[in-house]
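Chains as they are written, first to last, in my numbering: chain A, 1 to 422; chain B, 1 to 422.
By construction, these hints were calculated from the structure, which means they are not laboratory data.
Predicted, not measured: the structure shown is a model, and the values here were computed from it.
Just so you know, even glycine gets a beta-carbon here, dropped at the ideal spot from N, CA and C.
Please note that a few of the clues may not be correct.
Derived contacts from chain B toward chain A, CB cut-off under 10 angstroms, selection only [to be verified]: (1) 1; (2) 142; (3) 296.
If you want the building blocks of each chain, they are given just below.
Number of protein chains: 2
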Amino acid sequence: MLNIALVGVGTVGGAVADILEKNRALITARAGKNIRVVKGVVKNATRQRGDLGFPLTTDYREVVEDPAIDVVVELMGGVDKAFEIVSAALRNKKAVVTANKAMLAYHRYELEELARDLPFMYEASVAGGIPIIRALRDGLCANHIESIRGVINGTCNYMLTRMFDKRVSFDQALKEAQGLGYAEADPTFDIGGFDAAHKLLILASLAYGIDAKPNDILIEGIGHLTDEDIAFAEEFGYTIKSLAIAKKVGSKVSLRVHPALITKKEVIAKVEGVMNGVAVVGDKVGETFYYGAGAGGEATASSVIADLIAIARGETTPMLGFSYGFDSQLTLAAKDDITSKYYIRILVEDVAGVLAQTAAVLAKNNISIETVLQRKKRVKKEWANLLLSTHIARETDLIGALHEIAELGFVKAPPAMIRIES
Amino acid sequence: MLNIALVGVGTVGGAVADILEKNRALITARAGKNIRVVKGVVKNATRQRGDLGFPLTTDYREVVEDPAIDVVVELMGGVDKAFEIVSAALRNKKAVVTANKAMLAYHRYELEELARDLPFMYEASVAGGIPIIRALRDGLCANHIESIRGVINGTCNYMLTRMFDKRVSFDQALKEAQGLGYAEADPTFDIGGFDAAHKLLILASLAYGIDAKPNDILIEGIGHLTDEDIAFAEEFGYTIKSLAIAKKVGSKVSLRVHPALITKKEVIAKVEGVMNGVAVVGDKVGETFYYGAGAGGEATASSVIADLIAIARGETTPMLGFSYGFDSQLTLAAKDDITSKYYIRILVEDVAGVLAQTAAVLAKNNISIETVLQRKKRVKKEWANLLLSTHIARETDLIGALHEIAELGFVKAPPAMIRIES
Chain A
1 MLNIALVGVG TVGGAVADIL EKNRALITAR AGKNIRVVKG VVKNATRQRG
51 DLGFPLTTDY REVVEDPAID VVVELMGGVD KAFEIVSAAL RNKKAVVTAN
101 KAMLAYHRYE LEELARDLPF MYEASVAGGI PIIRALRDGL CANHIESIRG
151 VINGTCNYML TRMFDKRVSF DQALKEAQGL GYAEADPTFD IGGFDAAHKL
201 LILASLAYGI DAKPNDILIE GIGHLTDEDI AFAEEFGYTI KSLAIAKKVG
251 SKVSLRVHPA LITKKEVIAK VEGVMNGVAV VGDKVGETFY YGAGAGGEAT
301 ASSVIADLIA IARGETTPML GFSYGFDSQL TLAAKDDITS KYYIRILVED
351 VAGVLAQTAA VLAKNNISIE TVLQRKKRVK KEWANLLLST HIARETDLIG
401 ALHEIAELGF VKAPPAMIRI ES
Chain B
1 MLNIALVGVG TVGGAVADIL EKNRALITAR AGKNIRVVKG VVKNATRQRG
51 DLGFPLTTDY REVVEDPAID VVVELMGGVD KAFEIVSAAL RNKKAVVTAN
101 KAMLAYHRYE LEELARDLPF MYEASVAGGI PIIRALRDGL CANHIESIRG
151 VINGTCNYML TRMFDKRVSF DQALKEAQGL GYAEADPTFD IGGFDAAHKL
201 LILASLAYGI DAKPNDILIE GIGHLTDEDI AFAEEFGYTI KSLAIAKKVG
251 SKVSLRVHPA LITKKEVIAK VEGVMNGVAV VGDKVGETFY YGAGAGGEAT
301 ASSVIADLIA IARGETTPML GFSYGFDSQL TLAAKDDITS KYYIRILVED
351 VAGVLAQTAA VLAKNNISIE TVLQRKKRVK KEWANLLLST HIARETDLIG
401 ALHEIAELGF VKAPPAMIRI ES
């Protein structure tokens, strides 16, 4: 018997309890023992929840201090309080399962220290039902990971899919996502890239042993994308995805979340709607790719229960996949230490010499142009959008060039840039 | 220290030894201990192999009976001798890692019995570098698996990709595959579907706890596919893949390997060339998909070493993912107990009434037609190919109808059929 407590009995917690019942024979056969929810911790114990089959409490000490409980399953979300509860559970020698990416983004190394001789599992924290944590921690562990590229925020991907397939505007796409429950009333956390960044930091620890926090990395949302960007991408065989990217170059690891143009033939370009997908390149295995539901109560619960089964089976793998205290000798690259191809959008007055002067500024900053498109504005016909893509350039050079271009007399708004991931 | 012996020091064995050296610091950090090859078992110890860094023997007893060896890594292939060696290793309480799908297709349940208290790992046996065994055994273990559909034979997929993309003939595609080392001189094992069937049986044990042998299941190769089939598929938005399919319907599990038409929008349709991909649908997680290199020394070694790291970490999961002796209550469906949509190709004399008579036979057998195409033969202009697709039908009905159609006066060759997977 494995006795567990659910801290948080909402959509995911409810699904965990439900699936443990519905698939009990199968789960017991795979776990080697019965997994039983013995208590739930909630904020409000008087709220109606139907017959859960286990008692509720509002005091987490009742479970972390209960010698009958083997595993504390944290599904409440948030950072500080969750960290307090999970830390207390570990200090009381409980195994822990969590789906909480925000807590892990900030506190995973403190938790690793507390969990040195205890199972600590978090498959559900990244990409919902896709076993991507296991892929990195277990499946690809013979490899130096060269890169990870993930579509790991369903809200952004749903919106971008709609903007591409149906040419709806950003605002319209957001409204639809909110209507379908794919976006929150305040969508900043998703469309600003922060949710994906939290997940990326977890993957980066597994791949590289790198301890970075959200503030240390480049995080860019999708709010600045326009119809012109979509049209340009389409015309040149690209799609636009919000990508979480980890890349190793020598002893540096670049971690970043931003929208990117990618060619349609890449596997990651084919992830549509709210689905998630993660492409991982290992030095020995080459490219591998993992795809599935990134959210939803049952898909997330599928991963939570997989972790419980692992614990029941006798899980002994270190929390972050490396022996405690391992120094990978890798360091985080500076936020602006990026080389990439770029797409640039510049709103200009449609006069002679615009392209020549723009090209001159780019050339002076060591940036060479690959393609150019000029699109007249439909409403204000004396203005046009100058759309360019560049060959590989240094980001610091590009930013410098864009600042200079912004000062040119015919430029009507600060130029916009999207990286091209190739 | 984890001491291992390699039984078989060919492409994969050599890559294992090589990667253990090249990625030693990383692998040790992830395994928690050093993994060292202490001996290799080969057929011919006098063959030149360069400096391997460990001694060779031709007598497997030297490793299975050596108390200093912790893990026997079987990479020799073949069924009987490999089974003898692996069984001896288990009887001597060695952990086992193997890449040998043929041995597992026939002997996995006997091996499970011998391995009841020993780690027995075989990630490399299916889909090379893709951690699909872990996905089923660990990642999706909370789910009843509804279906598995795999492109898990690189030879077939390379040939079909060439036949689709470049319209080369089957014979030409085979010649190319042989030239590139993707197909053997005698390609029967791959293009006949047997290799994929071995892998499917392994996945079926993990998903369903089903003990089936190659002879128990439907195995159909790709040798009968023609240019007309490719053209028909293309015209109606399909591609053709050699699929390994497991499907649960009620308490029956259907296992089969055959070419199938699938719509191009499915993830599995996008697996091209020698790559492998496996789509798994769980009752809770929905569809997930796994993609990567299905063969090659380094990709396969990546999975072998992942297994070694798991053993070093203290692997305790039962070999087939279920507690020993579990009865899943699922039974294998009969080979012909299939309902599907079908594509039919009939070579006919191009005379009046051909379609009417053919349609009448199909209707009498409860088969309704979805689409029809008639293509004149280029060389023999008085003949034509009648190409049809059906709605869902029972396979026994379809086979009966095809036998009747073969007897019609205007039919010039036995009709051909390809299942449509939807």
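Hint-by-hint comparison with the structure:
Look at residue 1 of chain B: its Cβ only gets to about 14 angstroms from chain A, farther than 10 angstroms, so that hint breaks. Here the hint on residue 142 of chain B is kept, as its CB sits about 4 angstroms from the closest CB of chain A, short of 10 angstroms. Taken as an interface hint, residue 296 of chain B checks out: its beta carbon lies about 8 angstroms from the nearest beta carbon of chain A, inside 10 angstroms.
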